[in-house]
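Kindly generate the complete structure, drawing on both the sequences and the hints.
Below are the chains, spelled out letter by letter.
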Amino acid sequence: MKKKFNSLKEFYSYQSNNTIMKSKILVGYGSCGIAAGADKVYDTFESEIIKRSLKDIELIKVGCLGLCFSEPNVEIIINGLPDILYGKVDEKFAVRIIDEHIINKNIINHNLYDKPYIDLFNNKES
Amino acid sequence: MNNNVILVSNNSPHLYDKFQKLLTEKNLINKYQLKKFNTFGLNTYTSIIKIYPDKIIYVDSLENDIEEIVNDHLINGKIVKRLLYKNEHKNYLKSGPLPIYHKQLRLVLRNSGLIDPESIESYLSREGYRALAKILNNTTQDNVIDEIKISELRGRGGAGYPTWLKWNFTKQAQSDIKYIICNADEGDPGAYMDRSVLEGDPHSVIEGMIIAAFTVNANNGFIYIRAEYPLAIKRLEKAIKDAKEYGFLGKNILGTNFSFDIEIRLGAGAFVCGEETALISSIEGNRGMPRPRPPFPSTKGLWEKPTVINNVETLANIPLIILKGGDWYNKIGTEKSKGTKVFALTGKVKNSGLVEVPMGTSLREIIYDVGGGILNDNKFKAVQTGGPSGGVIPEDKLDTPISYESLNELGSIMGSGGMIVMDHTDCMVDVSKFYLQFSVDESCGKCSPCRIGGRQMLDLLTNISEGKSDESIIEKIEAISSAMQKASLCGLGQTAPNPVISTLKYFKDEYIDHIVNKKCISGKCKSLIVFEIDKNNCIGCHLCAIKCPVNAISGGKKEIHYIDQNKCIKCGLCFDACKFNAVIKS
Ligand SMILES: Cc1cc2nc3c(=O)[nH]c(=O)nc-3n(C[C@H](O)[C@H](O)[C@H](O)COP(=O)(O)O)c2cc1C
Ligand code: SF4
Ligand code: SF4
Numbered sequence: 001m002k003k004k005f006n007s008l009k010e011f012y013s014y015q016s017n018n019t020i021m022k023s024k025i026l027v028g029y030g031s032c033g034i035a036a037g038a039d040k041v042y043d044t045f046e047s048e049i050i051k052r053s054l055k056d057i058e059l060i061k062v063g064c065l066g067l068c069f070s071e072p073n074v075e076i077i078i079n080g081l082p083d084i085l086y087g088k089v090d091e092k093f094a095v096r097i098i099d100e101h102i103i104n105k106n107i108i109n110h111n112l113y114d115k116p117y118i119d120l121f122n123n124k125e126s
Numbered sequence: 001m002n003n004n005v006i007l008v009s010n011n012s013p014h015l016y017d018k019f020q021k022l023l024t025e026k027n028l029i030n031k032y033q034l035k036k037f038n039t040f041g042l043n044t045y046t047s048i049i050k051i052y053p054d055k056i057i058y059v060d061s062l063e064n065d066i067e068e069i070v071n072d073h074l075i076n077g078k079i080v081k082r083l084l085y086k087n088e089h090k091n092y093l094k095s096g097p098l099p100i101y102h103k104q105l106r107l108v109l110r111n112s113g114l115i116d117p118e119s120i121e122s123y124l125s126r127e128g129y130r131a132l133a134k135i136l137n138n139t140t141q142d143n144v145i146d147e148i149k150i151s152e153l154r155g156r157g158g159a160g161y162p163t164w165l166k167w168n169f170t171k172q173a174q175s176d177i178k179y180i181i182c183n184a185d186e187g188d189p190g191a192y193m194d195r196s197v198l199e200g201d202p203h204s205v206i207e208g209m210i211i212a213a214f215t216v217n218a219n220n221g222f223i224y225i226r227a228e229y230p231l232a233i234k235r236l237e238k239a240i241k242d243a244k245e246y247g248f249l250g251k252n253i254l255g256t257n258f259s260f261d262i263e264i265r266l267g268a269g270a271f272v273c274g275e276e277t278a279l280i281s282s283i284e285g286n287r288g289m290p291r292p293r294p295p296f297p298s299t300k301g302l303w304e305k306p307t308v309i310n311n312v313e314t315l316a317n318i319p320l321i322i323l324k325g326g327d328w329y330n331k332i333g334t335e336k337s338k339g340t341k342v343f344a345l346t347g348k349v350k351n352s353g354l355v356e357v358p359m360g361t362s363l364r365e366i367i368y369d370v371g372g373g374i375l376n377d378n379k380f381k382a383v384q385t386g387g388p389s390g391g392v393i394p395e396d397k398l399d400t401p402i403s404y405e406s407l408n409e410l411g412s413i414m415g416s417g418g419m420i421v422m423d424h425t426d427c428m429v430d431v432s433k434f435y436l437q438f439s440v441d442e443s444c445g446k447c448s449p450c451r452i453g454g455r456q457m458l459d460l461l462t463n464i465s466e467g468k469s470d471e472s473i474i475e476k477i478e479a480i481s482s483a484m485q486k487a488s489l490c491g492l493g494q495t496a497p498n499p500v501i502s503t504l505k506y507f508k509d510e511y512i513d514h515i516v517n518k519k520c521i522s523g524k525c526k527s528l529i530v531f532e533i534d535k536n537n538c539i540g541c542h543l544c545a546i547k548c549p550v551n552a553i554s555g556g557k558k559e560i561h562y563i564d565q566n567k568c569i570k571c572g573l574c575f576d577a578c579k580f581n582a583v584i585k586s
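Chains as they are written, first to last, in the numbering used here: chain A, 1 to 126; chain B, 1 to 586.
Keep in mind that a hint or two might mislead.
Unchecked claim - In silico EDC-like links for lysine to aspartate or glutamate, alpha-carbon gap of 16 Å or less:
id : chain 1 : residue 1 : chain 2 : residue 2
1  : B       : Lys55     : A       : Asp83
2  : B       : Lys35     : A       : Asp83
3  : B       : Lys518    : B       : Asp399
4  : A       : Lys61     : B       : Glu118
5  : A       : Lys3      : B       : Glu532
6  : B       : Lys585    : B       : Glu532
Read the hints as simulated data drawn from the structure, not as lab findings. Since the model is a prediction, treat every value here as computed from it, not as a measurement.
Written out as structure tokens, the structure reads:
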């Protein structure tokens, strides 16, 4: 989508369409994540989403959370469940995340990590 | 959907088991998702329990408390107040946003890991470009300077110079043409904070640059970034393109009469090119060599025009200060060092990674609470900050609150934020040799104290590590150090002796051990170790001789073996191979 703000007024009246509540898969895709295999994990999510024609789910490449020791890190945001961060995700685990967490809404009891800080803007849970 | 979730920290598996037992007994186990999670507050709390959707955190609960949580909270909906997380401001926090029990505070990394760095919409959804709009809407240049002044933000590139002062010099300088430069050279070994910011949230840096440009009347900007950061470059390029399309860069930004553009310049990866005057000369197309200051770039910089040059992290702070106010920012940190600092925590630490903490956090909190402690629970020996310009800090100084001043007092520096943890297997002579070697390799050679002094000092250190020295060597090192500090042209040469001086200060015994006893207890200095065969233990199995890569071990089957010291390269393979403890390392 192309958008040019020609004035401050236009900018202020603009509502980013990014706030719609969709389920999200955030894959840590900085240099550290990629070095640990985040690219393969991302590709797995992408093909699984297509294969199962999952709707209303957004797959996003994000930067580094700072937890380089547990890369690749993947965060799952689903309405109603706490945001969950999984560390050391590989391709097989990615498929499990789709099956169990995204589809069945069951958090997987494996490699869960605490987010190490609180979100400055949303001020929701860590 | 079963959205009742109980998360129990992994440092208290018995609490998890207890939950499982009680929930099963009470037939509730299918009503809850009970899970374990890895946490970082391991040294702060014995346990952390989070309950959703109520968003309640209990800390330091004991096994006996679990029954109360299950009965009162889960079954009767009554929060167990005495177990609630407490912080210094409030007695306890009830439901609502979860409290910050972590030591980290993410200002610079506020979006990193949360947004899609290649999507400007993603940035906009998190207050992106609001700070820019705010200043264009109703702020004067002086207001911006005042706000930054109130915040007391200081440069994160190493020297800690007040940002507002720098901007003010450039603002006041008379010139039609002025420049903004973002220093993304990041050459310290072990540092990758700036790369992560640029990879995770490029727009925050761009927005910071635009605000700087507005404030000082600059119309052109450069981001000087090392070519070894392809992903950061790619994301920056996309971000600049999108910002132009959206009207945040280019002519008449957001319909105002302010115009500003940014170009990327690739550095070739020389450490000295991170020094501001060398960087400027590199952008101008000349060899990246420092020149004497004054004049400072703020009045006479790129192509002799007034130039603001700031570090990536400094710039990423700017939009936040404008949005939340200088007062808000000023409340974070210590008396003279405000805000947060990002560190790249590496070395012998469990949770290596990027860490952002408020100034004033202690080194111990960073290494143990955030970093999870020393790898393999080894003994901590020292932490190195500031890279080749910094120094080491020993155990008894770990409680020092971090600030520009406190680290200087300890003989190290804040630097750009590399933090390397060392344990008993690290040799301090070897460490200082490593950093000095780096500075010698990276010296541009323009001035002799750095070019010749560095080389001589490295030779002296090499002599120490090879056992070819006597006690007079320490005086020589001190003399060269002081000459380099005083007479070098730029920061590289002036600070290159720091790693040596600080290791000498805190670990002199270890130097003496090398010099007098010709011993390296950590076994890092190869010349000082000898591998020998113990005649009493050797049964002549010949295994060591088979392993030795240089055929230094002789002896037939069932005969006592012998190591030829002239051939031995001290690889230690024989030591590891022998099953009879017949190879001795000394
Ligand atoms: C040898 C040497 C290397 C430097 N490397 C960097 C660097 O990689 N990044 C950086 O921001 N500053 C570096 N600096 C500091 C810069 O000269 C300058 O002080 C800094 O970019 C100013 O920005 P700030 O005020 O935002 O900290 C280096 C200085 C020296 C002496
Ligand atoms: S101190 Fe070293 S790096 Fe700096 S100008 Fe002199 S020779 Fe070059
Ligand atoms: S230390 Fe290595 S080189 Fe020396 S004798 Fe043993 S195996 Fe051979």
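For this session: Report the numbers of all earlier hints that the structure fails to satisfy, in ascending order.
Result: 3, 5
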